[in-house]
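Chains as they are written, first to last, in my numbering: chain A, 1 to 280; chain B, 1 to 242.
Derived from the structure by calculation, the hints contain no laboratory data.
Hints are supplied without guarantee of correctness; some may be wrong.
List time: in silico DSSO-like cross-link candidates among lysine-lysine, alpha-carbon distance up to 27 Å [said to hold, decoys possible]:
hint	chain 1	residue 1	chain 2	residue 2
1	B	K125	B	K175
2	B	K112	B	K94
3	A	K275	B	K131
4	A	K275	B	K112
5	B	K131	B	K109
6	B	K175	A	K201
7	A	K201	A	K275
8	B	K131	A	K201
9	A	K201	B	K230
10	B	K79	B	K106
11	B	K106	B	K125
12	B	K94	B	K80
13	B	K106	B	K131
Stretch by stretch, here's where chain B covers chain A in the computed footprint (C-beta under 8 Å, at least three residues) [what the hints assert, rightly or not]:
hint	region
14	167–179
15	187–200
Built from N, CA and C at the ideal position, the CB exists for glycine as well.
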Amino acid sequence: MKTVRPFRIDAEALSSFLPSRAIRGWQGLLLLGIFLASLAAAQAQGVAAPQTPSAIATLIEWMPFILKGFVLNLVMSFLAMGIATVLGIALGMLQLSHSRLLRAPAWIITHLFRNSPWLVILFVVMLLVPFEVELPGGRNLILSDWIKATIAFSLPVMANVSEIVRGAIVSIPRGQWESAESLAFTRGQTLRWIILPQCVKRAIPPWMNWYALLAMATPMASILGVREAVGNAQAAMEAAGARPELLVPFYLFLLLLFFAYIYPISIWTRAIERKYAVET
Amino acid sequence: MPLVEVHDVHKSFGDLEVLKGVSFDVRQGEVVCIIGPSGSGKSTLIRCINGLNNIQQGSIKVEGQEVNDPNLNLLELRKKVGIVFQQYNLFPHKTALENVMMAPVKVLKEPKKEVEERARALIAKVRLGGKEDVYPGHLSGGQQQRVAIARSLAMRPDVMLFDEVTAALDPETVKEVLLTIKELAAEGMTCILVTHEMGFAREVADHVYFTDRGVIVEHGPPEELFTRAKDERTQRFLSQVV
Ligand SMILES: Nc1ncnc2c1ncn2[C@@H]1O[C@H](COP(=O)(O)OP(=O)(O)OP(=O)(O)O)[C@@H](O)[C@H]1O
Ligand SMILES: [Mg+2]
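Using the sequences plus the hints, can you model the full thing?
Structure (structure tokens):
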């Protein structure tokens, strides 16, 4: 029993660690240990069937291909975060506009995308956004799947950035607006020079949290055939004969890959949070 | 011509009429104190003078410029009228010097170098020389309030409004703020002060207005109002606070 399904148990142990924000350094080491143990087990299995390369050898062979895919995960996460930040800040400010005509749509967009599953947003964008759009110059812009996925991922993050910005702005005491107003600042100048700079500190930790969530969501694009890390790993397993014993090492590798990228971000976020909590 | 002319001002918040026909004039260089029980509309009144609150009826003129005017040039008004609040409201992300320099640089677009010179002089004037690069969070309440005064003065106003600027302060730091205001008054700055410091009002004011429930009940030179108040409400208020 123990030798037949060693990976399954380990995988479950790992997945129970994942959602927790409280992963600490020693837990990271533990994860690494489990991974190495799993690889050793996979290796042992590979020895049992000498005619095919071992699972671990297959993984190593395909690693560059998977890492190449991971670069696309990073690119999608950066672009989506950029779009989400720019649009989210604008949307957050519009939510506080004096004009109902601006406030209402901003509110609707924010809450629509904040309260929908990312996967559904992804499908909707895939279906609604055309493959090709005509630019004003007469040239055609090809919107390949990974670009569409990037747009899709940026929407829920944009909505959450919008709420972060709105929340940060309303948390600034009224007296700041009043003293700025009495010093002849216009509303726009007050936002630009007095309110938003004070919001940045409060907004950075939650903003970074959303980046981490976004980066972790990018593998969803594989469902639509985007060749990012997970999609490439699946393609690699297919190419290597779709052997069941490849599944665990490949997915564990993906897990570790994302963990190695996201975990430092989450440590950094908490450090910033603590720093600002002390300062104010 | 008076510097500030307040004529028959009515102001409501929804159904609540807070000012019910208030009139008074303030001449150039005059120091005026407004006293009265909590909720009588003192803050509302002085906030109307620089347009922070709008009025429904009546007229407020600052150097002849009508404040109750839909086409009011707010920038011009706020250059003329400075205000200091009870809660200082300094910008916490800026140093004392930056707080003072900000409006002239960002709003009036004056050359930074000139403004900095003026700002440093103002900080010295409120006796905070050496605190230029300190953030408000590291200053005492009294020090913050004096930075707030310097910040207002940096706009070179013709009249200064003070709304209970010592009410939130520790007793030890009240004195230094009052001293700053006294010096300002002595230099000829026109001042309108809402205050609970009766001793101070008596000392610096040229004229004192007692307000209650949205009207001016009684007014006069301090020695007259504080010693020979005619109205029963004024007498009762003074006997409670002094
Ligand atoms: N923005 C507002 N909206 C609604 N009501 C207000 C507003 N500002 C003031 N009021 C009401 O107007 C009345 C007068 O308030 P105001 O602050 O002018 O009094 P005050 O004389 O300054 O009192 P205090 O001595 O306590 O500062 C109060 O009843 C207050 O509740
Ligand atoms: Mg008041």
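These are the hints, each one checked on the structure:
no., hint, result
1, B/K125 / B/K175, "15 Å, holds"
2, B/K112 / B/K94, "15 Å, holds"
3, A/K275 / B/K131, "24 Å, holds"
4, A/K275 / B/K112, "32 Å, violated"
5, B/K131 / B/K109, "25 Å, holds"
6, B/K175 / A/K201, "35 Å, violated"
7, A/K201 / A/K275, "10 Å, holds"
8, B/K131 / A/K201, "24 Å, holds"
9, A/K201 / B/K230, "56 Å, violated"
10, B/K79 / B/K106, "13 Å, holds"
11, B/K106 / B/K125, "23 Å, holds"
12, B/K94 / B/K80, "24 Å, holds"
13, B/K106 / B/K131, "22 Å, holds"
14, 167–179, "holds (count 5)"
15, 187–200, "holds (count 5)"
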